[in-house]
Amino acid sequence: MTAIHDFLTRAFYKCGSLVLFVLLWQLACSTGLAPETFVASPAVIVKTLWIYLWDGSLYKHSVISLSRAFTGFALATLVGVPLGFLLGGWFKSFERIIGPLLYFLAQFNPFALFSVFLLLFGIGEFSKVAMIFWVSIWPVLYNASLGIRSVDPAQVKVARSLGSSKFTLLWKIVIPSSAAYLFAGLRLSAGTAFFMLIPAEMMGASRGLGWLIINAQVNYLIPRLYAGTLVIVIFGFLIDYLFRFLEWRLVGWKRPEAALS
Amino acid sequence: MSGVSTRGPAFSTAGAGFSTVDRVQGVKGEDLSFNRRVMSWYGIIAFLLLWQLAPFVGLTDRRFLPPVSDIVLDALKLVLNGELFLHIASSCQRVLIGLFLALLVAVPLGVSLSGLLPRVTKFVKPLLVFLGNINPFALFPLFILLFGVGEVAKLAIIFWSSVFPILNFTIYGVSQVDPLLIKAARGMGAGEREIFWKVVIPGALPAVFTGFKLGATTAFLFLIAAEMLSANSGLGYLVHNASMNYYIPRIYVGVLGIAILGMGFTQLINKAEKIILGYREEVKV
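These protein sequence lines map, in sequence, to chains A and B.
The numbers in the working numbering rise by one with no breaks, and the one at position 83 of the first sequence is 83.
The numbers in the working numbering rise by one with no breaks, and the one at position 100 of the second sequence is 100.
Hints are computed from structural coordinates only; laboratory data are not their basis.
All values derive from a computational prediction rather than experimental measurement.
Glycine included, C-beta positions come from ideal geometry on N, C-alpha and C.
A portion of the hints provided could be inaccurate.
Unchecked claim - Covered by chain A, per the in silico footprint, the following chain B stretches (three or more residues, Cβ under 8 Å): (1) 121-127; (2) 130-136; (3) 139-145; (4) 219-233; (5) 246-258.
Claimed, not checked - So these bits of chain B aren't anywhere near chain A, every CB distance computed over 10 Å: (6) Leu65; (7) Ser112; (8) Leu180; (9) Met263; (10) Ile269; (11) Glu273; (12) Lys274.
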């Protein structure tokens, strides 16, 4: 009995407010309290989503958006992790020189930069990917450099005096000890990549979830506007959970003390 | 860490971590040689030099990536006719009003929720996290529908993007005030009001500041986006207008201006934090 009770209490606290929110929303729409021209009721949103799910358009736009976000994120990881390792581990004085520059570059507003990317790379896929790359490289880079600085020097010395090669040192000592930071950085970057994808698609694209929303606004398709927003939130949560799960599975044995969240 | 992870997948303050530059510049009071003090500028100077020289040696196309001198000249032009100041002022005004409104709503709400109604707080927390994770950009069309294209829509987007970090961190901050301190104060005969002002508020303030910093960064980010979509003043508008008119040096003026303004803003908040949270003991790691 207590198990059921515990489960119900937890469920109540976990999703009670969300359910209540949706119910109130529906009520406001059904009673006409919320104007139908601006606010779509949850029932209508679900119905819209259902239609999009079956005619394949939801799938199509999601795949395009996710692949864009993934490309930018993968490029950022490929550049950011080695660069962070190099800066934090091997060229410490170089990091002192280049750190402020990186800080300065990280301050560049991605939306404003989008105009520059459009100039440099045109309105094709590349400028969108460039923008995602730009925003998602900083967390990876920073956390990789933090991670490698958190490696215990005593461990490195021991491994070295036991005659381990550079590769073993990297693979067996450096990467496992900095893995927690690395994963925190990767999770942040993936979230950021998806987050920034939406404005990139809203500013210049003909497909994708961001386009779905901006198109809905232009054509005044209110249910679609809400449905698109909801899908984006859900994907954001899914990406976060995926990375939290990977983090827990792979580096759960080591919690970062101060990894930025 | 539960309070810190409230933002979930939402936007991270891109690169804010590199603000450790102050730490790199040396411990306070340490007598650094001139070379070490200016070291942190080498990178930026080299970058600007490279930027300046690249078009002349044919590395880049001058039309698309004008040298720094062209950009500075255009910036000077804008300064002299007062336009740049106008744009900066209207951007600042928007972000300050939006942030002020967010603080005005989030801090009292967070304190009273967490302090007086902990069970209600636990109940609404998932909803707050959900709402805070809605991409403000996705809401932008909605805000335009609801509030029109005027100032209100822009303020609403700044408000929305900054209110949830502040609220969530305030709730977290109040909930993690050391109960021992409260009991000790009560044991020494402090009244509820005194406990609130002398124990709870100072205990929660660092977390509130963390939330405020996050909120301010996000607010600044979305201010530019909002100004690019619909405005007739502000730095975001400057960039947008320049790019529509294909006036390339001005795009870079806007981009650099936004970066510098954002950095100044962050510095200001950090200074304020140091002054207001001066009572906290420094923890040396």
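**Study point:** Distal placement of B:Leu65 relative to chain A, Cβ over 10 Å
**Key:** 7 Å, violated
Practice item. May I ask you to check that B:Glu273 keeps its beta-carbon over 10 Å from the closest beta-carbon of chain A? Key: Given a closest Cβ separation of 17 Å, the condition holds.
Point to revise | Verdict on chain A covering the segment 246-258 of chain B, criterion of 3 CB contacts below 8 Å | key: holds (count 6)
Practice item. Examine the segment 219-233 of chain B for residues whose CB is less than 8 Å from any CB of chain A, and state whether their number is three or more. Key: Held - the segment 219-233 of chain B has 5 residues with a Cβ nearer than 8 Å to chain A, which meets the minimum of three.
Check your understanding: Can we trust that B:Ser112 is non-interface, i.e. its beta-carbon lies farther than 10 Å from all of chain A?
Key -> The claim holds: B:Ser112 sits with its nearest Cβ about 17 Å from chain A, beyond 10 Å.
Practice item. Examine each Cβ of chain A, and state whether all of them lie more than 10 Å from the Cβ of B:Met263. Key: 5 Å, violated
**Study point:** chain A versus B:Ile269 - minimum CB to CB distance exceeding 10 Å, so not interface
**Key:** B:Ile269 is indeed farther than 10 Å from all Cβ atoms of chain A, at 14 Å.
Check your understanding: Checking C-beta pairs, does the segment 130-136 of chain B have three or more residues closer than 8 Å to chain A?
Key -> holds (count 4)
Check your understanding: Do three or more residues from the segment 139-145 of chain B put their C-beta atoms closer than 8 Å to C-beta atoms of chain A?
Key -> This one holds; 6 residues, not fewer than the three required, reach chain A with a Cβ under 8 Å.
Exercise for review: Evaluate the condition: distance from the CB of B:Lys274 to the nearest CB of chain A exceeds 10 Å.
Suggested key: 18 Å, holds
Review point. Was B:Leu180 rightly flagged as not at the interface, with every chain A Cβ beyond 10 Å?
Key: 23 Å, holds
Point to revise | Residues of the segment 121-127 of chain B with Cβ under 8 Å from chain A, three needed, outcome | key: With 6 residues close enough to chain A, the hint holds.
Consistency with the previously given hints fails for numbers 6, 9, ordered from lowest to highest.
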